[in-house]
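Engineer: Quick note, the sequences are listed as chains Y and X, same order.
Residue numbering for the first sequence is 41 to 529, as defined by this note's numbering.
Residue numbering for the second sequence is 14 to 239, as defined by this note's numbering.
Do not rely on the hints blindly, as some may be mistaken.
[Claimed, not checked] Once the Cα atoms are required to be at most 27 Å apart in a straight line, the calculated DSSO-like pairs of lysine-lysine come out as:
| no. | chain 1 | residue 1 | chain 2 | residue 2 |
| --- | --- | --- | --- | --- |
| 1 | Y | Lys277 | Y | Lys288 |
| 2 | X | Lys173 | Y | Lys277 |
| 3 | Y | Lys429 | X | Lys173 |
| 4 | Y | Lys260 | Y | Lys277 |
| 5 | Y | Lys331 | Y | Lys183 |
| 6 | Y | Lys429 | X | Lys199 |
| 7 | X | Lys199 | X | Lys173 |
| 8 | Y | Lys116 | Y | Lys277 |
| 9 | Y | Lys116 | Y | Lys183 |
Worth flagging that the hints you see were computed from the coordinates, not collected in a lab.
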Amino acid sequence: MLRTASLVALTSCLCACSGDGGGGTLDKIRARGVVEWGADLQGGEPYVFEDPDHPSVFIGFEVDIMAALARRLGVKQAPQQYNWSNLIPSLERGDFDLTMNGIEATAERADRVLLSEPYYVYGETLAVRDDSKVTSIDQLDGKAVATLNQSVAHDILLGKHVDIRLYEGVQEPYDDLVTGRVDAVLLDDVIANRYGCNMKRVRCLPADVARGTYVIAFRKGDDDLKEAVDDALQAMKDDGELRQILDKWQLWNHRQLEPAPAILEPVSGRARSFDGAQVGLFAEAAWVTLKVSFLAFLLAVPIGLLLALGRVYGHPVVKVLSRVYIELFRGTPVLLQLYVLYYALAPIWELDAMAAAVLGLGLNYAAYEAEVYRAALLSVPRGQGEAAKALGLDGWQTLRHVLVPQAFTTALPAMTNDFVSLLKDSSLISVITVIELTKRMTIASVDLHGWLVPGLACAAFYLVLSVPLSELARQLERRLVRDQRTRTL
Amino acid sequence: MISVRGLCKRHGARVVLDGVDLDVERGETVAIVGPSGAGKSTLLRCMNYLEPFEAGSIEIAGLVLRPDMLRGAHRATLRQVRTKVGMVFQQFHLFPHLTALENVTLAPRVVQGRERALVEQAAHQILSRVGLAERHGAYPHELSGGQQQRVAIARALAAKPDVMLFDEPTSALDPALRTEVIQVIKSLASDGMTILVVTHEPTVAAALATRHWVVDAGKVSIVGDL
Chain Y
41 MLRTASLVAL TSCLCACSGD GGGGTLDKIR ARGVVEWGAD LQGGEPYVFE DPDHPSVFIG
101 FEVDIMAALA RRLGVKQAPQ QYNWSNLIPS LERGDFDLTM NGIEATAERA DRVLLSEPYY
161 VYGETLAVRD DSKVTSIDQL DGKAVATLNQ SVAHDILLGK HVDIRLYEGV QEPYDDLVTG
221 RVDAVLLDDV IANRYGCNMK RVRCLPADVA RGTYVIAFRK GDDDLKEAVD DALQAMKDDG
281 ELRQILDKWQ LWNHRQLEPA PAILEPVSGR ARSFDGAQVG LFAEAAWVTL KVSFLAFLLA
341 VPIGLLLALG RVYGHPVVKV LSRVYIELFR GTPVLLQLYV LYYALAPIWE LDAMAAAVLG
401 LGLNYAAYEA EVYRAALLSV PRGQGEAAKA LGLDGWQTLR HVLVPQAFTT ALPAMTNDFV
461 SLLKDSSLIS VITVIELTKR MTIASVDLHG WLVPGLACAA FYLVLSVPLS ELARQLERRL
521 VRDQRTRTL
Chain X
14 MISVRGLCKR HGARVVLDGV DLDVERGETV AIVGPSGAGK STLLRCMNYL EPFEAGSIEI
74 AGLVLRPDML RGAHRATLRQ VRTKVGMVFQ QFHLFPHLTA LENVTLAPRV VQGRERALVE
134 QAAHQILSRV GLAERHGAYP HELSGGQQQR VAIARALAAK PDVMLFDEPT SALDPALRTE
194 VIQVIKSLAS DGMTILVVTH EPTVAAALAT RHWVVDAGKV SIVGDL
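Using the sequences and the hints given, assemble the complete structure.
Structural biologist: So this is what it looks like as structure tokens:
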């Protein structure tokens with residue numbers, strides 16, 4: 041929820057050119073009788089989410105606040121579902137009137153859009169395991185600390201000497217804290233109280249690491265709308281309606297009574313230009329991409345071969361099992377498989393992220409390799425097996441010395457294709473906290489406020505990895521095909 | 014050397030061989046002839062159990078083949094049969110990913126587990142016997158059809174078989190190349206090899222064999238000394 045969108049930077053250039061510049065939105069709202077506001081259901085409880093009893097109805101403390109604000113402006117309100125990452129760009133593009141969805145007040149945002157007065161003061165909450173001696177974030181040097189990508193908490197961690205692990209979801213960091221994959225979690229109190237602090241074996245430290253505020257964002261030029269909303273918000277604070285709403289969602293606390301913290305300034309830990317250090321980070325990420333892809337493929341090839349042999353020559357039971365494996369792994373998204381392997385199985389099988397990445401991609405690609413090898417095995421002329429049999433070779437000897445080597449030549453172009461495809465699919469492992477090339481690009485694009493340079497760097501690194509491999513495979517293929525250009529039938 | 018008794022073979026409901034009895038003496042060359050589809054190749058392929066059969070028995074090179082021998086217990090017998098009985102196919106079926114020499118040495122190394130150096134030495138001799146001493150490093154696609162078939166013969170000879178089976182050995186070759194293959198088969202015969210040749214070409218049969226078996230409608234009639 042606190043994430044500064046990775047895609048904000050990606051789309052900001054487009055929006056800066058095509059946005060309508062704001063102004064006049066308040067009049068449009070009045071004329072329409074409805075304020076349309078952007079939010080993302082994916083942020084989950086308690087911000088804006090689907091009513092479990094009526095899934096088409098949005099509920100949450102922000103829905104309640106917006107409903108009260110709209111009532112005070114004399115209009116109705118209608119939330120619009122947008123990807124959280126795109127809320128600010130969509131606002132700038134004019135897709136809705138304003139946006140409210142756990143958007144923190146930061147200096148960066150204040151430069152770009154108008155921000156309302158705060159409606160909530162959050163505290164960055166540090167969670168540790170119950171047996172931990174840690175009492176402050178400064179005791180975590182060298183430890184693994186989880187947070188959400190591009191959040192204010194991420195900014196804070198960049199200024200510390202910790203091993204940052206970036207997550208996409210709010211529950212997973214706490215799950216990994218319990219299993220010991222990370223040593224601490226830094227997230228704001230709304231998330232920490234809802235998802236982490238009440239878990240067994242999790243202890244939230246009482247002192248805030250930092251404080252910040254949630255605000256409503258408007259297009260530049262809509263100063264009259266901002267004023268109207270700020271007035272209504274002040275009135276809600278004065279007559280106690282805001283407190284009532286926050287109480288209802290168990291969000292009211294002492295922080296709301298204390299002076300609101302200032303807008304957060306950028307943290308020095310973030311990159312500001314694409315320099316040598318950035319190239320180093322990209323190279324490091326490229327190495328991760330290559331290593332994971334290579335090891336995964338090393339796993340996929342033998343498993344794929346066994347599956348193919350099982351499907352073509354196996355006992356009927358083996359045939360069915362191979363088929364089930366292939367359909368299961370090919371028919372479901374690799375992303376889902378990674379989630380299951382890393383998160384769902386964590387209580388019974390605690391893999392580290394790299395192992396889960398290699399295993400997840402390897403098992404998935406094995407299904408594709410199996411089909412490639414099956415086709416290749418079936419393409420070897422029947423007479424080859426017969427000749428081997430007539431020479432006294434048994435089944436395994438025939439496979440090992442006659443059929444598999446020939447099938448390999450046939451399979452090689454498809455295998456090269458699959459490996460290049462795997463190189464790119466490996467970007468999915470960022471969901472299990474591994475920072476590889478694509479993730480590095482999205483981080484850099486936010487830090488550098490632009491996607492062009494990080495995008496080009498990312499593409500260059502992928503090409504540097506894939507082109508030589510394709511070339512190597514092409515040469516090998518040429519050599520093998522020369523050896524057996526015409527096959528005896 | 015070969016003694017066939019009451020051999021019956023079906024393809025589904027169709028009876029291909031219907032109680033065949035045959036005998037071949039050591040050193041004999043027999044041509045198996047007859048109309049196409051009559052079961053010539055099937056009869057030949059029963060001799061090394063590439064085709065299992067439903068009834069009868071085949072005694073070949075001192076080993077006995079019976080129905081239902083594909084199960085594990087008979088694996089050793091089948092391996093022995095295939096070592097003692099070499100086979101050459103119409104389409105050569107050389108291994109395209111191996112050189113001529115490697116084609117010849119594969120079975121002795123893998124099946125008989127013989128030492129590579131000895132096997133290669135023997136393979137060079139066999140290749141020179143079929144007139145291909147110089148081409149040992151060539152891949153099949155680099156050889157002419159006749160040369161390929163001679164490598165296939167060398168490959169079948171590598172295990173030092175007592176019997177050689179030829180299934181239409183010259184049918185895939187241009188007439189100009191047939192002679193070289195026929196010459197090689199003849200030289201084997203004159204060295205005392207027991208040979209069965211399936212062919213639909215009367216000239217080939219006449220050139221090679223002392224006796225003919227005519228396969229027709231599941232029965233085999235023997236045509237003696239020509």
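Engineer: Are the hints correct? Go through all of them and say.
Structural biologist: Hints, one by one, checked against the model:
no.	hint	verdict
1	Y:Lys277 <-> Y:Lys288	15 Å, holds
2	X:Lys173 <-> Y:Lys277	102 Å, violated
3	Y:Lys429 <-> X:Lys173	16 Å, holds
4	Y:Lys260 <-> Y:Lys277	25 Å, holds
5	Y:Lys331 <-> Y:Lys183	24 Å, holds
6	Y:Lys429 <-> X:Lys199	26 Å, holds
7	X:Lys199 <-> X:Lys173	17 Å, holds
8	Y:Lys116 <-> Y:Lys277	20 Å, holds
9	Y:Lys116 <-> Y:Lys183	49 Å, violated
Of the hints listed earlier, those the structure fails to meet are numbers 2 and 9, in rising order.
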